[in-house]
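Student: Turn these sequences into a full structure, and let the hints guide you.
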Amino acid sequence: MDDSRDSHPDFLREVLTPRPETVERVVRNALSPDAEKTAVELAPWRASFAAALLAGVALLFAWQLERSSFEPAPAAISIVNEGGVVIATSPSGDWLIHSGGDPEPERSGIIILSYGGQK
Amino acid sequence: MDLEATVRELAPQLLRFCLGQTGDAAMAEEAAQEALTALVQRWRRHGPPDCPAAFAFAIARRRALRLSFQRRLLLPIQILLEGRSPLPDPEEQAAGRTELGRTLAAMRRLPGRDREALLLVAAGDLGLAESARVLGISLSALKMRVHRARKRLQQLLEERKVGHGRLSRFSS
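Sequence lines, in order, name chains A and B. The letter at position 50 of the first sequence is residue 50 when you use our numbering, and the numbering goes up by one with no holes. The letter at position 43 of the second sequence is residue 1043 when you use our numbering, and the numbering goes up by one with no holes.
Hints are computed from structural coordinates only; laboratory data are not their basis. Glycine included, every Cβ here is placed at the ideal spot set by N, Cα and C. A hint or two may mislead.
[Claimed, not checked] Computed spacing ranges between beta-carbons, pair by pair: (1) A/25 - B/1069: 24 to 32 Å; (2) A/68 - B/1081: 52 to 60 Å; (3) A/56 - B/1136: 29 to 37 Å.
[What the hints assert, rightly or not] Some chain A residues well away from chain B (every beta-carbon gap over 12 Å; in silico): (4) 11; (5) 14; (6) 24.
[Claimed, not checked] Here chain B is said to cover these stretches of chain A; the calculated rule only asks that three of the stretch's residues, wherever they fall, bring their Cβ under 8 Å from a Cβ of chain B: (7) 15–22; (8) 56–64.
Tutor: Right, dumping it as structure tokens:
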């Protein structure tokens, strides 16, 4: 132990001082071979209990995970284009219709091809 | 080093520290008992640790914290099951008027880190270097915590004295 003790005299030591019989009991219990045996016997019991508890939680978690993975995936929205109108059908059966407005006018053009000609 | 002499020397120190930490004599005894049993077990199997005091105090500290936490956690259930009032009973109130009761009540109002630093040094009678080792902090940090805790505790106890004096005058 180092010598750098708390230099101030403290009333805490006096106030918190235990009864001599309590000190004696604690010392006797600590030094008795039974206490050590009890501690040794208790340690594996506690460890196995904790392991069983952890295994239970892990099993529950795995079961929940498995259950959630079997649930059917929600159907995708189908989108169909019918004559310039886009029809979207949601999984619940609602239809969302979007009109694209006036169809783009068809383009037409005249291509003139000339052969030869004046130079 | 002698095992029995070490245990005899450490027992009152651990009991004081644990009582200050938990505020309950039964819990303090349980925590100190477990720390000493662990020390004896370690000593008999693998020889004495480098610093038996630091070894025992580190275990007592953890155990005392765990017991206090368990008590706080189970208190509402106990109140429900036993139909006990959450207010202290007359016996507890009487104990609160003793010097020990007042000190423990003031200790409870200190920040946890400062309280355990003060208790290790002042009540546990542990050296400064050993206390710093148990708490895993530097020596200067420990000194600061002890100083702060001591100052605050003094303030709290004086406030309580003043309050108690006023109450006595009022009731007489």
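Student: What are the numbers of the hints that this structure violates, sorted from low to high?
Tutor: Violated hints: 2, 4, 5, 6, 8; rest satisfied.
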